Amino acid sequence: AQSVTQLGSHVSVSEGALVLLRCNYSSSVPPYLFWYVQYPNQGLQLLLKYTSAATLVKGINGFEAEFKKSETSFHLTKPSAHMSDAAEYFCAVSNTNAGKSTFGDGTTLTVKP
Amino acid sequence: DTGVSQNPRHKITKRGQNVTFRCDPISEHNRLYWYRQTLGQGPEFLTYFQNEAQLEKSRLLSDRFSAERPKGSFSTLEIQRTEQGDSAMYLCASSLDPDRLTDTQYFGPGTRLTVL
Chain A
1455 AQSVTQLGSH
1465 VSVSEGALVL
1475 LRCNYSSSVP
1485 PYLFWYVQYP
1495 NQGLQLLLKY
1505 TSAATLVKGI
1515 NGFEAEFKKS
1525 ETSFHLTKPS
1535 AHMSDAAEYF
1545 CAVSNTNAGK
1555 STFGDGTTLT
1565 VKP
Chain B
344 DTGVSQNPRH
354 KITKRGQNVT
364 FRCDPISEHN
374 RLYWYRQTLG
384 QGPEFLTYFQ
394 NEAQLEKSRL
404 LSDRFSAERP
414 KGSFSTLEIQ
424 RTEQGDSAMY
434 LCASSLDPDR
444 LTDTQYFGPG
454 TRLTVL
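If you read the protein sequences in the order shown, they are chains A and B.
Position in the first sequence counted from 1, then plus 1454, gives you our numbering.
Position in the second sequence counted from 1, then plus 343, gives you our numbering.
Bound conformation, chain A alone (with noise of 0.2 angstroms):
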């Protein structure tokens, strides 16, 4: 069984200011691990994706994420929050690069002028 560990449902940043948010997965097998932004009304955008190339995934946006075994984590990170960034984010995992995947319970990112 897999399952995700989102900390934090609500994450509110000054525009400008380091984004982090965090996920913790849980996996019997080596996972694919995701990241996926959602804004209001609408579907999942896939930004980012681990899948053992490398710990240090870059996706779009800006954002990138680092898996770390030991710690079974996979938070996301952007260096300066735009006003644009303000949405609900999704970890999540699956046994395969684009297959059924367990999601997160989500993180509202708010970004203040």
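Derived from the structure by calculation, the hints contain no laboratory data.
Nothing here was measured: the structure is a model prediction, and the numbers come from that model.
Don't be surprised by glycine CBs; every beta carbon is placed ideally from N, CA and C.
Treat the hints with care, as some may be off.
Stated by the list, open to error - Just a sample of chain A residues kept apart from chain B, beta carbon distances all over 10 angstroms, derived: (1) Val1458; (2) Ser1466; (3) Glu1469; (4) Asn1478; (5) Pro1484; (6) Gly1497; (7) Ser1524; (8) Glu1525; (9) Thr1526; (10) Ser1534.
Claimed, not checked - A partial selection of chain A residues facing chain B, derived with a Cβ cut-off under 10 angstroms: (11) Gln1496; (12) Ser1506; (13) Ala1507; (14) Gly1553.
We have chain A already, so just place chain B on it with the hints.
This is chain B only, laid out in the frame that chain A set:
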């Protein structure tokens, strides 16, 4: 590539009515997935198809729910005798080959169901 499309985008129905949603995956994508997302939660897996074959169903998919993908292209999700607890966003996703590292699961915009 027009992306995954879902219709309708919004559906309001009365308790006890039947509803049907449609998902059109990206052309030639073999895999098609249905998820349900309730307010404040992440998507939960419901079922998936490999071409026309339904290969896995979640325990969330009660006997009031049925999904089909008759020709291996579009899929429908029907809910019979809707209940207020069925109110959610229903998301569809597709992928070509989930084991290929170059592949990605693409999500549609979802159908928001409100049961009164």
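Against the structure, the hints come out as follows:
{"no.": "1", "hint": "Val1458", "result": "violated, 8 angstroms"}
{"no.": "2", "hint": "Ser1466", "result": "holds, 17 angstroms"}
{"no.": "3", "hint": "Glu1469", "result": "holds, 26 angstroms"}
{"no.": "4", "hint": "Asn1478", "result": "holds, 14 angstroms"}
{"no.": "5", "hint": "Pro1484", "result": "holds, 13 angstroms"}
{"no.": "6", "hint": "Gly1497", "result": "violated, 4 angstroms"}
{"no.": "7", "hint": "Ser1524", "result": "holds, 24 angstroms"}
{"no.": "8", "hint": "Glu1525", "result": "holds, 21 angstroms"}
{"no.": "9", "hint": "Thr1526", "result": "holds, 18 angstroms"}
{"no.": "10", "hint": "Ser1534", "result": "holds, 26 angstroms"}
{"no.": "11", "hint": "Gln1496", "result": "holds, 6 angstroms"}
{"no.": "12", "hint": "Ser1506", "result": "holds, 9 angstroms"}
{"no.": "13", "hint": "Ala1507", "result": "holds, 7 angstroms"}
{"no.": "14", "hint": "Gly1553", "result": "holds, 4 angstroms"}
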